[in-house]
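Number of protein chains: 4
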Amino acid sequence: MPLKPDLPLPEAEKRRVGYAIVGIGELSAEELIPAARTSEHAYVAALVTGDPEKGRAFARAYDLTEEDVYTYDRFEELKDREDVEAVYIVLPNSLHREYVERAAKMGKQILCEKPLSVNAQDAQAMVDACRQAGVLLMTAYRCQYTPQHWAARDAVQGGKLGPVKLLDSIHGQVQDDPEAWRLKAGLAGGGPLVDVGIYCLNTIRFVLGTEPEWVFATLHQPKDDPRFREVEESMSCMLGFPGSVVANFLTSYDIQKTATLRVLGEGGTVLMDPAFTYQGLELTISDKQGDFQPKLPDEDQFGLEMDHFAQCIRQGKTPWTPGEEGVQDHRIMDALYRSARSGEVVRLDPVQGQDVFRGEKPQVPGQSQG
Amino acid sequence: MPLKPDLPLPEAEKRRVGYAIVGIGELSAEELIPAARTSEHAYVAALVTGDPEKGRAFARAYDLTEEDVYTYDRFEELKDREDVEAVYIVLPNSLHREYVERAAKMGKQILCEKPLSVNAQDAQAMVDACRQAGVLLMTAYRCQYTPQHWAARDAVQGGKLGPVKLLDSIHGQVQDDPEAWRLKAGLAGGGPLVDVGIYCLNTIRFVLGTEPEWVFATLHQPKDDPRFREVEESMSCMLGFPGSVVANFLTSYDIQKTATLRVLGEGGTVLMDPAFTYQGLELTISDKQGDFQPKLPDEDQFGLEMDHFAQCIRQGKTPWTPGEEGVQDHRIMDALYRSARSGEVVRLDPVQGQDVFRGEKPQVPGQSQG
Amino acid sequence: MPLKPDLPLPEAEKRRVGYAIVGIGELSAEELIPAARTSEHAYVAALVTGDPEKGRAFARAYDLTEEDVYTYDRFEELKDREDVEAVYIVLPNSLHREYVERAAKMGKQILCEKPLSVNAQDAQAMVDACRQAGVLLMTAYRCQYTPQHWAARDAVQGGKLGPVKLLDSIHGQVQDDPEAWRLKAGLAGGGPLVDVGIYCLNTIRFVLGTEPEWVFATLHQPKDDPRFREVEESMSCMLGFPGSVVANFLTSYDIQKTATLRVLGEGGTVLMDPAFTYQGLELTISDKQGDFQPKLPDEDQFGLEMDHFAQCIRQGKTPWTPGEEGVQDHRIMDALYRSARSGEVVRLDPVQGQDVFRGEKPQVPGQSQG
Amino acid sequence: MPLKPDLPLPEAEKRRVGYAIVGIGELSAEELIPAARTSEHAYVAALVTGDPEKGRAFARAYDLTEEDVYTYDRFEELKDREDVEAVYIVLPNSLHREYVERAAKMGKQILCEKPLSVNAQDAQAMVDACRQAGVLLMTAYRCQYTPQHWAARDAVQGGKLGPVKLLDSIHGQVQDDPEAWRLKAGLAGGGPLVDVGIYCLNTIRFVLGTEPEWVFATLHQPKDDPRFREVEESMSCMLGFPGSVVANFLTSYDIQKTATLRVLGEGGTVLMDPAFTYQGLELTISDKQGDFQPKLPDEDQFGLEMDHFAQCIRQGKTPWTPGEEGVQDHRIMDALYRSARSGEVVRLDPVQGQDVFRGEKPQVPGQSQG
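Those sequence lines, one after another, are chains Z, A, P and R.
With the UniProt record's numbering, letter number 110 in the first sequence gets 110, and the count goes up by one each step, no holes.
With the UniProt record's numbering, letter number 278 in the second sequence gets 278, and the count goes up by one each step, no holes.
With the UniProt record's numbering, letter number 20 in the third sequence gets 20, and the count goes up by one each step, no holes.
With the UniProt record's numbering, letter number 154 in the fourth sequence gets 154, and the count goes up by one each step, no holes.
Excised from the complex, chain Z in its bound form (with noise of 0.2 Å):
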C-alpha cells in the first residue's frame, strides 16, 4: 500500500477528490484511511467524529491540520468546504439515513457503508433524497470491485461452467463483545445477515446479475446468551433465482471466521474460498480440464471503491453499486426476516434483465474490460 513516489502530487491532488470520512471506528481506522492514501483519484480532506481527540490524531498522523477535525454536531460546516467534495458515511447503520440525507442537502457525493440502512424503506429514501438533492450515492460494496469476483462473475456468465446450477456461500465469524452496536437490533437493525451474511447474498447476485424470485431462511437467536437479545446468532437462507438457480447461505456471529462461495454449473465449478476478506481472496475455476487459480493483484478493496466513486463524480456517471443496489438488498433482507418469522416461503416482486439496479462498470485491475 504505498505512495507512488513518482506520482507528480500536487497536480495530482487537484485533480483527486476530497473525502470527509464520517465515523472513525476500527474499519476506517484500519482499512479507509489507509486506503485513501494508495488512491489515485481520491484523499481524504477532513473527518467527522465524536471523539476530538481522537479525530486530532488521526489528523496529525495523516498530514491533515486540527482544522480538518468536525464533531458531529459541526457536520454542516463541511458545506463550505469546496475541497470536501464526497463524504464516506462509516457510522452504525440506523444514522446513515441521517447522515445521507444531512450530506445530500449540503449537496455532497455520497459513499454508504454496507448495509445502506436497516430496512429497505429507509435504504428508498435515502435514494430519493439523493435524487432530488442531485447527488450520487454509491452503496460501498468493496467485493464487487475486486479483481477475484469479476474474474469469478466472468466465469460464470461467460458460459464457463455451463449452465449454473446451484450456488452455496457462508459468511461467519465470533461477534464476542456483548456490547458491540452490532449487536444492538436499534444501531444496527439485525445481526450477522445484514453485516456479514449480506457478503453472500450481494456476491451471490452480483455473479448472475438476476434477482430472486423467492426466499426462506430460518432463524436461531439463543435466549440464554446475552449477546443475542436483540439479534439474531444465525440464520440459513434459501433463494430461488430465475431459471430455477437455487442458492443457500449460511451466516452466523458464532462460527470461526469462514467466507466462502461456490458457483456449480454442468461444467465447470468456481470456488472462492476465502472469499469476503480484505485481503488474500482465492478464486479456484474448475472444468473438465482441471482446476486453475488465475495470478490477479491483492489490491486494497477500499482503495478501488474510492476510486471508482471518484471517477463517478468527475464524469457524473452512475455508480456500479448505487443506492438501488444497497435497497434490493434490503428487499431480500426484509423479506429473508419475514420468511425465518412465519415458517413460510416469501415471494419477491420479479424483475427482468440483468444487473438493473447497477451503474456504470467499475475499472477492474487485472481485467480487460471497463
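It is worth saying that the hints were derived from the structure and are not from the lab.
Each statement offered as a hint is correct.
The list treats identical chains as one, so a pair stands whether inside a single copy or across any two.
Once the Cα atoms are required to be at most 30 Å apart in a straight line, the calculated DSBU-like pairs of lysine-lysine come out as: (1) Lys223 <-> Lys160; (2) Lys361 <-> Lys295; (3) Lys257 <-> Lys184; (4) Lys223 <-> Lys288; (5) Lys361 <-> Lys160; (6) Lys184 <-> Lys288; (7) Lys79 <-> Lys105; (8) Lys288 <-> Lys160; (9) Lys223 <-> Lys184; (10) Lys257 <-> Lys223; (11) Lys184 <-> Lys54; (12) Lys317 <-> Lys361; (13) Lys257 <-> Lys295; (14) Lys79 <-> Lys317; (15) Lys105 <-> Lys317; (16) Lys160 <-> Lys295; (17) Lys54 <-> Lys105.
Position chains A, P and R against the provided structure of chain Z, taking the given hints into account.
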C-alpha cells in the same frame, strides 16, 4: 488392495463369511468384488446376475467356478449353499425389497446397498421381514466406516469445535445417460437425492448423532431435459436439528462432481473435501490454533463395511448401520420430497437420544475406540 | 482397479502376455500382482518364489494352480511354459543380473525392477546378454508411464515454462528395519540413492530428455546407527545438464516420506508433490497467468508398465525404458558415489541428442500423443 | 497496517525512535516507510535522497516537512538532529560501508539492509567501525523476526522433527531490467545470491542455529544475455553443517517467483511456501500424526525489525541480527563464489555453539518466548 501374503489362508477362509453378490453392475465390478479380496473376514462365494456370460467371466477372474454363478430365477438355490452365509444386494433400488425378503426367507444375512428401498414404508417392511426371519439386515453406508468420517465425528462430538451451529454439504455429479436406471422413477424411487444427496443427509446425521425435527426443500426438474422426465435434476434441502442446529445440503445430477461437508462451530470447523469419494477423502479440523490434517489410512470402504457385517454375523451383533438406519433416511427423504412439492416446512416425529437407529460400533482403522 | 466386466475375456486372454513374477515380496504382493489383474495386455501366468507355501497361497488367491508355482531351482522349467512369454524380475538388486541372464537364455522377454543392477558394468552385461539372446529387456521405471509425468514433460519440452534453468527434487522415507535387504550392500548395491533417489534422477532425465555432463554429491553414513553399517543414510546430489541447467536432489532413508519435483523456468514452473507415490500424484503447472492442476486419470502404474512391455513384445518394438535406460542411471549413480567419496566433481561422457537411451513412446491415458 | 487510533500519540512519539531513511527506492517507498507508520517504537523523522523533489513529495505524504529532507551531500547535517537517533541504510550494496561509517562517526544507531556489504572484509570493517564509535549495527534480516520463521525454528530446535537430516530451499525471481543496479557488479557485489539467495542461506542458518563447515556451488552466467554481463544468473549451492546435516539451495534471477524452505527430519518436516515473501507466509509442520498449519499473525516484517532495533537502542542491547550476523553470511557467500569458480569444495573455519553471531532475542507476536 493386496492380499496379505503372510495370512494363513486356508484357516482364515474357514472363518471368513462367504457373500453372494446379487447384481453385477459397475459398482459390484469395480468396487465390491475387488474389495472383498482385501477383506479379512469376508469373501465372495457366489454371484447372482441376469447375464450368465458376464457372470462366468467374473467367476473365471475371481477364483470361482461356473457353479458359483446363479441367474435371478435360481436365486433360491443359494439356500442350500452353506458357504453362502450372506448376500449383498446391489440391485436397482425398487428391487431391494423383493430380494431382501427372498433372502430373509432363506435365512441369509443381508447387506443391502443404499438407499435401503424407495420409501420409508417399503424400507420398514424389509426391516420387519428380517426381524421375523431372524436374520441381520445392514444398510451399506460405507462412509460410516471410514477413519476420516469417524475422526470428523469425534471432533464434533468430542467438543473440539465447541457448540456446533451450522452444517453445509454438497454432493452431486453429472448423470449423462438418459437411459440409466437411476433416472427411472420406477427403478430408482427418486433422483439425485436418494442416490448421492443421501450421503449428505446420512453423514450429517452421523456426525451429529441426532435426528432432524423439521425439513424444508426445493426441487428442480427441467421439463425439457430428457434425462429428467421422471426424477428431479437438483434439490436444495434445509434441516433443523435439536438445539437449533441447522444443516443445508445441495444435491444434483447436473453439476461437476462435488462432494463436501463443513461443520461450523463456535470454536472450530470440520471440513471434508472430498467427503464422499471412494478414495482420497481429505479432512481438515480447524480451531483457533490452526488447521490440522490428520494422517489417516485410505482404506477400501467397501472392504470395511463387508468386514464389519461379517464380524456382526460371527458375533451375533446388530450392525452399526442396520436396516433401521436406512428407514430413518427414507423417512427424512420422504419429508424432503413432501416439502419440495408443497413449498412448506414438514415436521418430523421427534427422536430423543444419540445414535438411536444404530448398533454395534465398528472397528475403525487408525482410531482408538472400538 | 476393476476387471472390465464387458471385456470378452477368453479371447482377450489369448492375446494377453503371460508373465512369471520372479520374487514375491511386498512389492509383488501389494502392487504387481493386483496390477496385472487390471491389465488389458498382460496377466500373471506363473510365480517363482523361495517360499512354496506362500506361493501356493497366492496361486489360490489369484486364479493359478499349484503347478504355476516354481521354486528358484526350478526356474529353468519355465522354458517349456509357452504361455509364460515374459518374466518380471522383482528380486534383490544383486540377483537381477543372474536371473536376467538365465531368463534370456530361455528366450523369455524380461521386465526388470529398478535399479537394473548394482553398477553400470553389471547392468551393461545384462543388456548385452539380452541382445545376444534376442530378447527384449525393459527397466521397470513406472513413473515414465504415468499421465502426470508425461504432462510435466510436455509442459517442460513444449516450452510452457520458457527456458528451464533449475530443477529440485526430494525422495526419501524412513527405513526402520535394520535387517531389510535394502540395507545390505551385497544385496542392494547401495542405499537410498539406488532405491528411492533413483526416482529423482530418472525423472529429472525424463522431463529434460537430456543427459548430465557432470555430478557432485555428498553422502552421510552415521557409524553409530546399526541400519547404516553398509549403505548411506542420506545423499545430496547436484547434476549439470547441457545448457547449464542444474538439478539438485536429496535422498534419504531417515526422513519422513517426501517425494517432490520442481522444474523452474524463466516463464513458469512445474511442481509435482507427491511426485513418485503409487497413487495420488499431484501436478501443478504455473505460469504468469496462474496455477493449473490438470485433471488426469490416477492409473495403476504397474499396470501401465506391464501393458507397455506386453505391447512391445507383440509388436517387436524396443520399450520406452529399455535396459540401456537403466544402464545410464547406473553410470550416473556410480559417478555420484565416486564424487561423494572423493569430494570432487565427476565428469561424465557427453551424450548428444534427446532421449538417446529410450525406445518406443508408450501410450499414456489422457494424453493425445502416441 | 493501521495507525493505532487509541495510542496517545504525542507521548508515544517522545519514546519512539526517530529514523532517517537513507535512500528512497522502491523498497523504502513501498515497504519501509509505510511500515514505520505501523510501528510502536519507531517513526520516520527524516529522509535522505539524491532526488530532492521525490523527497519532498514523500515528506508531504508522510507528515514530514521540507526541512526533514536531506541530499546525500548534506548527510552529516543529521548529526545535529537529536530526534534522528537511528539511520536505516537502504542504498545499493556497495555504498553500505561508506554510509555506515559516516553514520557511525555521527554517533547514530544503524540499521542496514541486507546484504550488509559486498564481501566479508568490507562487512567486517563496518562492524569494527560501529564498535569503535560505540553505536549499534543491525543487519535488516526481516525473516528472523516473523512469527512464522520462529515457529519453524521452534519446531526444528524443539525436537518436533526428530534429528534433522536435510534442508532444501529455493529463492528466485525474474530480474527483467538490464539497467537495474542489482545487475551491476560494482554496485551489487553479486547477483541473485547476494540479493535473494541470501534469504535461503540466512534462514537455513537461523532455523538450525549452527554454522556451515564446508560449501560447494555452481554458477551460471550466460554470456549472451545482456542482463548477466556482470553478475550470475543462477546458482546452486550445497552446504555441510555440523552433524552431517546437508542443505541445498537454488537461487536465480531468471525463474518465476519461487520462495520455499523445507527441513527434513527423521520424525517430521517443516515446509514454508512461500517462505520469504513480505506477506502471506505459509507454514506447515508435519509429523506422523498429520499436517498442521498454525494460525499466526501476518505482521508487517519491516515494522517488526524497526521495532526490535528501536527497543535494543532504548535498552542498550545487541540486536538479534547484529552486524556480525551479516559478516558471517558474507563469509559463506564469498566461499560459495570461490567454490563456483574453482569447482571445488571450500571449507570454512569451524564455529562452535548455537547462535554465536546473534544477540538479544526479539519479541515475536504470537510466540510465548521473549
